[in-house]
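Colleague: Using the hints provided, position chain C relative to the given structure of chain Y.
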Amino acid sequence: MMRTVPIKVVLLGDGRVGKTSLVLRYVNATFSEQQTPTIQASYLTKRLNFNGAMVTLAIWDTAGQERFHALGPIYYRDADAALLVYDITDKDSFDRVKSWVKELRKMAPKDIILAIAGNKCDMNSQVDLKDSERYAASIGSSHFNTSAKSNIGIEETFLDIARRVLEQKKALAENVPASTQRKTMVIIDEPPPPPPPSKCCS
Amino acid sequence: MVDRELLTQVVYAINKAVGRFEMPSPLFHTSNVGTVVAVGIAITAVAGVAVAVAVGSDILFNDGRSIKTHWSRKRKIHSLKSQEWHDSFDSEDGCLSNYGEAVVNKVRWGGIDPEIRAEVWPFLLGLYDLRSTAAERKEKKLSKREEYENLRNKCQSVRLLLSDERGDRGNLEEPLEFEKPTLKESQSPDNAVLVDSSEDAPLEDSQEIDKRSESCDGKGSQDNSDGISAVEQKTEDVSGVINSWQLESGSPALENFTTWQRIIRLDAVRMNAEWVPYSPTQANVSAEEAFKLARAASLEDDEHLEPCRQHHAARLVEILEAYSIYDPETGYCQGMSDLLSPFVALMDEDFEAFWCFTYFMRTARHNFRTDEVGIRKQLDKVSEILKIADSPLYNHLVKINSEDCTFVYRMVVVLLRRELSFEQTLCLWEVIWADWAALKMGFGVGKKPKRSRKKRAPPSNDLLLFTIAAAVHKKRKIIFERCRGMDDLLKECNAMAGHLDIWELLDDARELIRSVNSKTL
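Which chain is which? The protein sequence lines are Y and C, in order. All residue numbers for the first sequence refer to UniProt numbering, where the first residue is 1 and numbers rise by one. All residue numbers for the second sequence refer to UniProt numbering, where the first residue is 1 and numbers rise by one.
Simulated from the structure, these hints should not be mistaken for lab results. Hints are not guaranteed to be accurate.
What the hints assert, rightly or not - Taking lysine-lysine pairs in the DSBU-like style, the calculated list, with each CA pair at most 30 Å apart, reads:
{"hint": "1", "chain 1": "C", "residue 1": "K377", "chain 2": "Y", "residue 2": "K106"}
{"hint": "2", "chain 1": "C", "residue 1": "K292", "chain 2": "C", "residue 2": "K154"}
{"hint": "3", "chain 1": "C", "residue 1": "K377", "chain 2": "C", "residue 2": "K474"}
{"hint": "4", "chain 1": "Y", "residue 1": "K46", "chain 2": "C", "residue 2": "K399"}
Said to hold, decoys possible - Coverage of chain Y stretches by chain C, computed from C-beta distances (three or more under 8 Å per stretch; other residues unrestricted):
{"hint": "5", "segment": "27–39"}
{"hint": "6", "segment": "66–74"}
Just so it is clear, CB atoms sit at the ideal spot from N, CA and C, and this is done for glycine as well.
Excised from the complex, chain C in its bound form:
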């Protein structure tokens, strides 16, 4: 005999499943497959064989237990583990086997075990070349530490100069010069090399990837990577950062640096403390040490903060200030503290956090341009992805004058940091960087996917944008039913915070990449 309540649940599950079939979903074929499975389970339950039914995203057992799962695409996540990572290095020269192909691919699909994140990130971001030997990395570490110290010295000089500006200026032996920020980075030669090579690429498609793969294969092994040389070039120029513009009272540069200094401090002390459990050494910093650092960073006013937050804030200030000197065109913009905070939390050394952040900012800096060209380009890409992949949704956005996708602005600017938990953000970011590294090295690019991996999408420079498009797509039903303008859309996007599953979302994003690729071929 079939329990009446169970039967009701089964009918509900079937209705829900059928409902999903009716909903136009050109992208997520797998969700339909999952639905079939759900119906299967439901029907089996009716027959009295199975003891569970699928309702929504839970498996309900008839004894009341439930297991959280998804309708479909549930896969086990295998992160890169410490043993595997350390075994990947050659015992003699310290090179990663196959230039880290296995490692990068592992991260692309499973992220990194928290224990070794701080070790792996510099490789993914390009601070350490995936082809480097242990000796080369040691050398690089030394030089980068020194460069960072030089930058910090520059910050101190500028700070002193500014305090003199405010007080007695007569103490200055010679005026410090400062690079004039320009709006058009295309006019600035050293910034031109910083521009991500994908900047002008339209949507990620196979042809584009093939082209990129060729270029990677072509110059990959000789060139010590365009990214690194670009940033190194930029660093060498740092001594010249301060070279063409007189730092005078009332000049725009002075105003800018003063403004940045002020906002950096305001923002640093109000970062949330989500990072604390991930950083035991910093969480247990002594009050004395925290205060010393805070005082050095001119944060005396914020003594009400707990020592660990005070310490974190002081490190943020020092690194962000150094960055604003390093990249005066970007300077500091709200949101950048969100991007830096995880590096500071995970890395005990400031110079390492600074350089990883700087490499990361090679792409992210475009989003902070005052003329909004960078962010607009990104939003246009999200719009284009939706247009190609889900035209009914796109048409609805057109109808409510929101096809410019301004409603995902925040998601793009801080890479979903505000929508995801700390841990999930780190997973997303490292997967994105692994995609960048794979593209740069030509891993998984231009090859026909193996039969068993036919669902695995190629790496993309725009994985973030596909992930955001996937998050929007996930809300399509609500968007159709409830959203009548930007207000409603923004509200829905804000409401995503805390409700996203990054691995599910990444699977959806990969699905989108495949879908867009197949439609634009």
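If we strip away everything but chain Y, and leave its shape as in the complex, we get:
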């Protein structure tokens, strides 16, 4: 019997900023220069052993185009965390992150954990990094520079999300009676697949 903590993460951001590429790099260790556009959303999971706790990251990768925006709530309404992705070579995509944050503040669970990823950091930035870090701090979010192509910062981003969600769950468990908690532990009695080699176990 293994106690597994499910953590639901939703990726939001403009089209072609690299949401799918980030997830595929993280979960499958693959990268494609011509990743087809996501329609609706895809759902991938990754199990990790986080300081002795088994965590299943349930990652929702959503479509970027504004037109699919209305589908957003389906994915973030019960999410533990949102990873907001922008393309550092495209300033508009950072503005889109801000509009997502506004929406999440209004519509998403109050305690949703936020993380921002400035993707394509292997290229020249058109966005002032200090500005984006300041903005992230102002909304209580972490900020990471990532590159799905060069595999930079991705592991760190997801681990940061897992760590903060776990801390929050722990704090909630200590302060709130178990019956009123938003998320509960899931008992899984099937043997888990061998955990992928990951730096996170240290």
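Modeller: The following block gives chain C in isolation, referenced to the frame of chain Y:
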């Protein structure tokens, strides 16, 4: 003496067969029939007469060979072949015999041979009327080519204007005007005619089909088809597409067109290359030609693409841009490049790919509405099909709050393009169009099926939705056992990619149509 291992396999096959009997399957009576056959084979094998047993979906021979087959409904697929197609035309006036009834029916049940797809599609989609003469088609081809060229010229004007907007605007002699996109297409008269007549029809049922058949029979022979006139009407308005809304910096239309231009380019270069083996002429395009076209389409940044993909991407950009001008209410939405790519791959002429895509979009465009009314209606239909045809499954979906069928959203929006291989997608689409053509022409509608064809379902405007419902139904066991919410359902749907057999699925879909028809009569 019976081989012990063989016996084990036989017992396994029987257990599996009995298991299938126990599984509530109100729809697929044929699968039960198939199971009986499987048990039959298994028992015969025990008797030592036959040399093979059926296990799962394979026939296992005792020498280790196996042949892929299905438990049931295995039928030989006869596609429409080149000879048959060309023989269907009258040698004098070039009309299709019986307005193409035999051809359309053949496609409904077997698809089209890849060699002649590009020739047949324009007929199925209505670009060329099934009743047209060769002379009429020649005329139409000329006019459609010209209309497309006009559209492309408009695109160039808008592009120039936008680059001037970004740079020096003083060069403009007169401001270009642009139609304001509206959300409610019902308020827009020319879009109202574009709306598929089946839009408000509930589930496909015989009465509905009869009604449609009457209407088809009633006006079919005089009217040059509602669809064509609707689209022609729309095209005439294209000169007026740009007529009521000033294209000014910061206006929503400008933003929209700019956005579309940008996303079209982003998406065009990241289409997959599955089409390449089906399009030898385009696959072998020279680097020089590809680059020239890519530059004309402002795709210089993507020189890392192979020439054939660069060429394909440039054609996608030009056609999608023209479409966004032609139908500004829809503009461009991700997913549309998936829908256009097969037309571009199969047709060497842009204008032909554009018009076939445009006729196809008459129905598909509703799925891309920003207010989601169109897609929601489709998802509701899938939900209703499941409710009528498989109530235990539907009840389970209710239990896990997923009866709205949002989990099949992608399947509806890009017509299973992401779940099926390129070839299988084309088969599905052409069968769907053949059903539409059959309904429009009144083929196979309102007639009592012949005895030998009693299992053949009537054509349906919602064949896609029945196919999707069939794909979901196929997973019912897993859905009951493992799915506890939308997450799990979506995961199962994503996992279908590459594992579907389109002909089997279409047979299941037809079975569903019959089942739903019989229950809603």
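Colleague: Now tell me, hint by hint, if it's right for this structure.
Modeller: For each hint, the structure was consulted:
Distance restraint check for K377/C and K106/Y: the Cα-Cα separation of roughly 28 Å lies within the 30 Å cut-off, and the hinted pair is therefore satisfied. As the CA atoms of K292/C and K154/C are separated by approximately 20 Å, the hinted pair is consistent with the 30 Å bound. A distance of roughly 23 Å separates the Cα atoms of K377/C and K474/C; the hinted pair therefore holds under the 30 Å criterion. Our distance criterion of 30 Å between C-alpha atoms is met by K46/Y and K399/C, whose separation comes to about 27 Å.
Proximity of the segment 27–39 of chain Y to chain C, defined as three or more residues with a beta carbon under 8 Å from a beta carbon of that chain, is established by the 7 residues found. Judged by the Cβ-Cβ criterion of 8 Å, the segment 66–74 of chain Y is covered by chain C as claimed, because 6 of its residues qualify and three suffice.
The earlier numbered hints are all upheld by this structure, with none contradicted.
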